[in-house]
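Asker: Take these sequences, add in the hints, and give me the full structure.
Protein chains in written order, with our numbering: chain U, 1 to 312; chain X, 1001 to 1293; chain D, 2001 to 2332.
Since the hints were made in silico from the structure, they are not lab data. Note that beta-carbon positions come from the ideal geometry of N, C-alpha and C, so glycine has one too. Among the hints, erroneous ones may be present.
Under 10 Å between C-beta atoms, here's a sample of chain D residues computed to sit facing chain X [to be verified]:
#, residue
1, L2019
2, V2023
3, Q2092
4, P2260
Chain by chain, the residues run as shown.
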Amino acid sequence: MNETNGVVTAPVLSVDGLDVTYANGARAVRELSLALGDGECLALVGESGCGKTTVARALLGLLPRRTRVAGSVRIRGTEVVGASSRRLRRLRGTDVAYVAQDPYAACDPLRTVAHHVEEGWRAKGQRPPDGQVTARLAELGIEDAQHRSRLRPHQWSGGMLQRATIAGATVHGPALTVADEATSALDADLSDGVLAALRAASNALLLVSHDLALVAKHADRIAVMYHGRVVETGRTGDVIGAPRHPYTRALLLAAPRPGAGLPRELPGTPPSLADSLPGCSFAPRCAHSGDQCRELLPLLADGVACHAVERS
Amino acid sequence: MTAAPVLVARSARAGSQPVGVWASLLRHPSGRAGLAIAALLALVALVGPWLTADPNQTSYDTQLAPPSAEHLLGTDQAGRDQLARVVAGAQATLGAALTVFVLVGVIGVVVGMVAALAGGWVDSVISRIVDLLLGMPSLVLALAIVGTLGPSLRNVIIALTVSGWAYLARLARSHALGAHDRPDVIAARMAGVGRVRIAVGHVLPGVTVQVAIAATMELSAIILGLSALSFLGLGVQPPTAEWGQMLAESRFALTQMPTLALGPGLAVMLAVGAAVLISEALRDVVDPAWRRG
Amino acid sequence: MSVTRRRRRRLGRVPRRILHMLVTLWAASLLVWSLLALAPGDPARRVLNGRGVVDPTDGQLAAERLALGLDRPAWERYLDWLGGAARGDFGQSWRTGRPISDELAVYLPATINLTLAALVIALAVALPLGLLGAATAGRWPDAVIRVVTLVMVSTPAFVIGVVLLYVVVLRWGAGNVVADGTWSNAWLPAITLAAWPAASWARILRAGLLESMSATYLHVSEARGAGRLRLLVTHALPNASVPFLAVFGVSVGWLLAGAPVVETVFTWPGIGRYTVESIIARDVPVVQAFTMLAVLLFVLSSLAVDLLSTTIDPRLRERGRPAGSMAGEAAR
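Answerer: Below, the structure written as structure tokens:
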């Protein structure tokens, strides 16, 4: 709890023991806890299929029907898990915003870009204030927004269109913005600009990404996910500079970095989310695993969940 | 109904995509149902005539007899055994439908490949003809052709073929043109393989698969068109049995013997239904975008 | 791309499409006319046969040849015919010797009544079924609708017609066996004619809606707080309408081709049955007239659908062809 001017305010986001199981039996998120304060940027990093997208969708209450969700997700103190659809609708757009991966898929091809920005208001039954659409687009670095916003998404470039979807998502200045791989559909050289624009347009920001090197430049803190669980979390400099979990180290080695030689690919494949292993999920791929790792689940302690780290 | 899967399976073995359409069709629930009905109808058409009475044996003692142990579906106005006629009709209807199916498929592949390979004015002329045929309602065109050539089963087959090949030729042409940039085709070209050999060895199998799939999806329309024209008296001529034409005849005995319409009516529905089920399954198997829901 | 340039291009599009339509009509006329030339046998003999002269004398044949203008070159006869056709004059019926345009004027109203009624019924059935099917996808109402529409697309119009004739007219005593072509009698044949398009439209609408309802932009809209109604009305329906429209336009051709069958079943006094009778009597000019009329209506409806879908989806303007992957299926 932060204390400002003597008033106790809830953190922007607090996730406690979140557990998500899909109708097909895949347990995509397991006992996950996160917290995010005002103005903070947390990167949720992991390979595809580690459950990070499920976390993003759970925060918005956008999971498919017949998905079992346990635990708690609070946004500014409001519980999302089990909330009524009316309450969720009120929350979306005003308290929590969402930015999707591919801007072209995120836009209705039949509607103009201006329509998509206006939708931020219209979805809540409001009229967009005069001039606000152009102003929001200009703030995000789009030139000639007045005229260009009347074009359709397919006439825009990917980087610009992603800025426009960010503008549409954040019209109400939401407390939390959830961005799911917001730059992975774009050319690499555009990513930094779009992420910087995203950071500037958001209050608290949850960056979901597979690209550790990219988010390291923008996030304050990093949480590394593997098989539905957070295995390591800490300040960006600490996690990147001195990774402790073998999986985090492997992820860093797998990313190309200047002066670090050829990237080394992580051997093996992650276990299926439908399976449950008794011990550490990473043990089968881990060079440091012992008997304990295969039998007992390591708990997150001091920012890392690993028996090998505990032993040393 | 067996022609398409054979084509698919053979080309799949030749290493062209899509591999295993045939197998996935068997795994798909509506594909399995459609194939089962198709197999049943094929069996009836092939074996049935040996087990039933002579479909053209008239008997004026047993006109419009109700269903009985001797005549399971009763007899028609001329005292012919209705079951035997439904079975004989399977051969006429399905045989004609398969003929049209094979003809439009072959013409589609050949014309489309020629247009794609020849290019230039040949391609332009073919494409204009295809555009024209696709710009006309195909059943109306078929009706016009039968109308000029005169009613007969042969002319119905000609009419449905003329009005049906254009769509497949366009498909074959675009697939053949698309294959131009495929890695294996480029590799063959760079290795000095001749144009015709590339066309036959690398392009033709894939195009054939695509056209066979598309033609199978058209099969229900072919059967519907065929039986509709026969119903109008423009196709099979008496006394040969055909479902559409039998139904047309049963109309005139509807007050006395309504069960007469049962056999041919259900038979057409089964045949069309099987084709629709198979084409639904094919769409799911070939185009995963439609798999949802 | 400047806004003014786009506007000028949109203006140019309609004339271009109309020109395209005229070219198609002209090519169709060439095809339809040459059918006559390709028809087997001596036309003069067939005309006389059509009038009931079973064994014409040489003198009669020569006179008829002259009357048909068979001594003139083919292109001259074609241009004559085309000029007449453009004014709605398709010559005389071989069978009755009366002008075909007069006969069409007698039969056309009944067919217009029938197809309009069928169109209304098909839409009234297809829209709710498609919407309900998509809304309850995977649950029992959807399963029931899928089975019912599958049976409907698998049932030829003449089977439905015969069943309705037996059950409704003969057993229940409603309607008439011999219809007179008026609105009050139109419902039975209209239901018969509407069954296939209703079912196929419902299936395509359902598939299109499911496709657009699972699109990312719908999730994004939902994540901005949009309600179900807004998602459906502003995004899902417009996107589903593009493939639906493509199939709808083609279905007009199906209604035209279905008219002969349905009119024959119900002895409906329309141009469909008139055409079938003419085909059996080998009255080729009537067949030509019906074909040209059907092509004209088909081309007009394609034009309308084309302009409408490019207005809804401007991407089609650049690609040129409607996008719906299912368009091909119902097209045939």
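Asker: Confirm or reject each hint.
Answerer: Hint-by-hint comparison with the structure:
Interface hint status for L2019(D): violated, as the beta-carbon distance to the closest one in chain X is roughly 13 Å, over 10 Å. The closest approach between the C-beta of V2023(D) and any C-beta of chain X is roughly 9 Å, which is under the 10 Å cut-off, so the hint is satisfied. Against a cut-off of 10 Å between C-beta atoms, the interface hint on Q2092(D) is violated, since the closest Cβ of chain X lies about 17 Å away. A distance limit of 10 Å between C-beta atoms decides the matter here; for P2260(D) the minimum to chain X is near 6 Å, and the interface restraint holds.
Of the numbered hints stated above, those contradicted by the structure are hints 1, 3, listed in ascending order.
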